[in-house]
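One letter stands for each residue in the lines below.
2 protein chains.
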Amino acid sequence: MNDNIIIAVDAMGGEGSPKKVIDGVSLHYHKNNDVFYKIFGNKFELEQLLLNKINKNNFELIHTEDKVLDKDSALEGAKKSKKTSMWMAVESVKNKESDIVISAGNTGALFVISKLNLSMIENIDKPALSGLWPNKNGMNIVLDLGANIKCSEKNLIDFCIMGSSLHKSLFPDEKSKVALLNIGSEDIKGHEVLRSVYHKLKLKNNYDFEFKGYIEGNHIMDGDVNVIVTDGFTGNIALKTAEGTANFITKEIKKNMTSGIIGKILTSLNYKNLMKFKKRLDPRLYNGAIFIGLNSPVIKSHGSTDSVGFSYSLDVCKKIIKGNLINKIKMNIK
Amino acid sequence: MNDNIIIAVDAMGGEGSPKKVIDGVSLHYHKNNDVFYKIFGNKFELEQLLLNKINKNNFELIHTEDKVLDKDSALEGAKKSKKTSMWMAVESVKNKESDIVISAGNTGALFVISKLNLSMIENIDKPALSGLWPNKNGMNIVLDLGANIKCSEKNLIDFCIMGSSLHKSLFPDEKSKVALLNIGSEDIKGHEVLRSVYHKLKLKNNYDFEFKGYIEGNHIMDGDVNVIVTDGFTGNIALKTAEGTANFITKEIKKNMTSGIIGKILTSLNYKNLMKFKKRLDPRLYNGAIFIGLNSPVIKSHGSTDSVGFSYSLDVCKKIIKGNLINKIKMNIK
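Residue numbers (the working numbering), protein chains in the order written: chain F, 6 to 339; chain B, 6 to 339.
Heads up, some of the hints might be wrong.
Stated by the list, open to error - Okay, derived cross-link-like pairs now, DSS-like style, lysine-lysine, Cα gap no bigger than 25 Å in a straight line:
#1 Lys-182/F x Lys-182/B
#2 Lys-141/B x Lys-155/F
#3 Lys-256/B x Lys-194/F
#4 Lys-205/B x Lys-155/F
#5 Lys-155/B x Lys-205/F
#6 Lys-207/B x Lys-256/F
#7 Lys-141/F x Lys-85/F
#8 Lys-120/B x Lys-141/F
#9 Lys-256/B x Lys-120/F
#10 Lys-155/B x Lys-131/F
#11 Lys-260/F x Lys-141/B
#12 Lys-259/B x Lys-141/F
#13 Lys-182/B x Lys-155/F
#14 Lys-194/F x Lys-155/B
#15 Lys-159/F x Lys-194/B
#16 Lys-260/B x Lys-141/F
#17 Lys-155/B x Lys-180/B
#18 Lys-141/B x Lys-256/F
#19 Lys-260/B x Lys-194/F
#20 Lys-76/B x Lys-256/F
#21 Lys-99/F x Lys-141/F
#22 Lys-194/F x Lys-85/B
#23 Lys-76/F x Lys-84/B
#24 Lys-61/B x Lys-194/F
#25 Lys-99/F x Lys-85/F
#26 Lys-43/F x Lys-141/F
#27 Lys-84/B x Lys-194/F
#28 Lys-159/B x Lys-259/F
#29 Lys-182/B x Lys-159/F
#30 Lys-194/F x Lys-209/B
#31 Lys-61/B x Lys-327/B
#32 Lys-155/F x Lys-76/B
#33 Lys-217/B x Lys-205/B
#34 Lys-76/F x Lys-207/B
#35 Lys-209/B x Lys-194/B
#36 Lys-24/F x Lys-88/F
#37 Lys-58/F x Lys-76/F
#38 Lys-61/B x Lys-76/B
#39 Lys-217/B x Lys-259/F
What the hints contain is simulated information worked out from the structure, not anything from laboratory work.
The structure displayed is predicted, hence computed values, not measured ones.
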């Protein structure tokens, strides 16, 4: 057990929990033999669900009386008690009993509980919410997705460092190429803070990523860069707009492709190809978000994802620990 | 001629001009009998292109020596001379010889030239760049798309008024439903300026639109609202991110649907249905942008659109004049 990565799992958050969480852990367990799961939740519910699914040497069940609800405000959820599955899962990382924590529950509460329990990485001013976003060649890391509405120069430079370190942890064979999201590619574009960060990184970039300047919204998915940095307001709106556009288009195409009996037959015959597309863009592959900037990263799996999505988020946990994310950030930030 | 709407057309801007502009005017002319086109550009080029395409009673050719280039900076383009086709077209609106002006040329220069020549609507502080964006039920008006990086409360409220007036002019049978783009739907979300506008419009909305509160990026295309207001930085990034996402997805689907010979055959058999989708989302339908806030709106057709797209933008010109856009704004702003 000692060489294993220890993941603290909040089993009680998100739609369909705790069943989807336990099924996700089970899926992950069957593909990995070097992970130990500390599962926090109501033992009466969990014992039924866990029955024989995971070898007893690979998990521990920690009973929790209480849970944070999705409808709780961030502060309500955090203040509820220190006996919620979310609080206790985070606390186990604080106490160094686990390497990393994951929850599919209330995002705001998870953020507050994490900030209350875990200290910041030295010289990082603010933690950020980062996410995965597909591009033509693979995946982008995008941050901040909503933790910080206003960002200083220092914050944005920190985000570049944290984002590229996260990228390197998740995709160790790729070179990190960082860009700032802006409304034009010329160096005079955008607001003052952005221009100042641009000039600082252009003049002197002693970090271990390549700085590619500005990127516009229509080029996020081109694959020319793979770490995209912005403030939390803009990042949140960009991500959600992309989600909304993707949903709209796939629904419209489906509606049109299957209109009329001929359309239905032809589309079903071409099903295999459609499935390839679906697999390529399966939102479960990049569900949720990663809080980064604390002394241990905190993984938020999407509340509405299923057990497969949850198991992908467990993969992210493992890669982050194997990739020494926190050390990578510390080496760059000093 | 006197009852006709008079559109000042800058024929020399954008890719494929002046041919695509003249072809666009010709397409529009054949569907409308109540428009007179004042066409500004090099007469030696234009005369060849115009040959017999449009009845002589429906157009006038105004020779211009010079033109703004796409590569000019906004200021270079504007300062070039007062003899460019863009300057003279805008000037003809200033001199009340035309009702409205359209150009497919340099956006920045068009904005500067318009601001230099046309006065602001009284009590409006800043003009905005607005655009059309498809939604499930029809079209959204979205503004600002990049003219104003920072916006005050007053600016955003002005944008609500201008956006809903534009919506009413273009879609007279619909009710205008206005929302503020934000990172959550709860009233405490977002930055201070946004929250203050929200509370003002919730408390007292004596304008002739329905105020629907906040909208998140993933709901822009749901069709529950049809006027979406934001600052120019956020709006530009949201619009371009949506464009990029749409391009990415349609390319990926095409690639996957037509992979292998069977896929190619099946997709080509289902061509009719695919074309329905393409028509529904044809970017030419909502190309370009509308500068709004000046005493006359200025229509920017997309530089890369074709003659069909240009003719759609001429439709927008006609609807704006028929719909008395400027009066609608003035009645609301006072």
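*Between Lys-259/B and Lys-141/F, does the CA-CA distance stay at or below 25 Å?*
At roughly 14 Å apart (the allowed maximum being 25 Å), Lys-141/F and Lys-259/B satisfy the hint.
*Do the alpha carbons of Lys-76/F and Lys-207/B lie within 25 Å of each other, as the hint requires?*
holds, 24 Å
*Measure nothing beyond the straight line between the CA atoms of Lys-141/B and Lys-155/F; if it is 25 Å or shorter, mark the hint as holding.*
violated, 32 Å
*Verify the proposed pairing of Lys-76/B with Lys-256/F, using a straight-line Cα cut of 25 Å.*
Answer violated: Lys-76/B to Lys-256/F is near 39 Å, above 25 Å.
_Next pair to validate is Lys-159/F with Lys-194/B; report whether the Cα-Cα distance is within 25 Å._
Given that 25 Å is the threshold and the Cα spacing comes to 24 Å, the pair holds.
*asked:* Does Lys-141/F sit within 25 Å of Lys-260/B, going by the straight-line distance between their CA atoms?
replied: holds, 12 Å
*asked:* Can you confirm whether the C-alpha distance between Lys-120/B and Lys-141/F stays at or below 25 Å?
replied: violated, 40 Å
_Proposed proximity, Lys-259/F with Lys-159/B (alpha carbon, max 25 Å)_ = violated, 42 Å
*Mind checking the alpha carbons of Lys-260/F and Lys-141/B for me, to see if they're no more than 25 Å apart?*
holds, 12 Å
_With the threshold set at 25 Å, check whether the alpha-carbon distance from Lys-99/F to Lys-141/F stays at or below it._
violated, 38 Å
_Hint consistency between Lys-194/F and Lys-85/B [alpha-carbon to alpha-carbon, up to 25 Å]_ = It holds: about 22 Å lies between the C-alpha atoms, which stays within 25 Å.
*Decide if the proposed pair is consistent with the structure: Lys-24/F and Lys-88/F, CA atoms, cutoff 25 Å inclusive.*
Cα-Cα ~20 Å, so holds.
Checked against the numbered hints above, the structure violates hints 1, 2, 3, 6, 7, 8, 9, 13, 17, 19, 20, 21, 23, 24, 26, 28, 29, 30, 32, 37, 38, 39; every other hint is satisfied.
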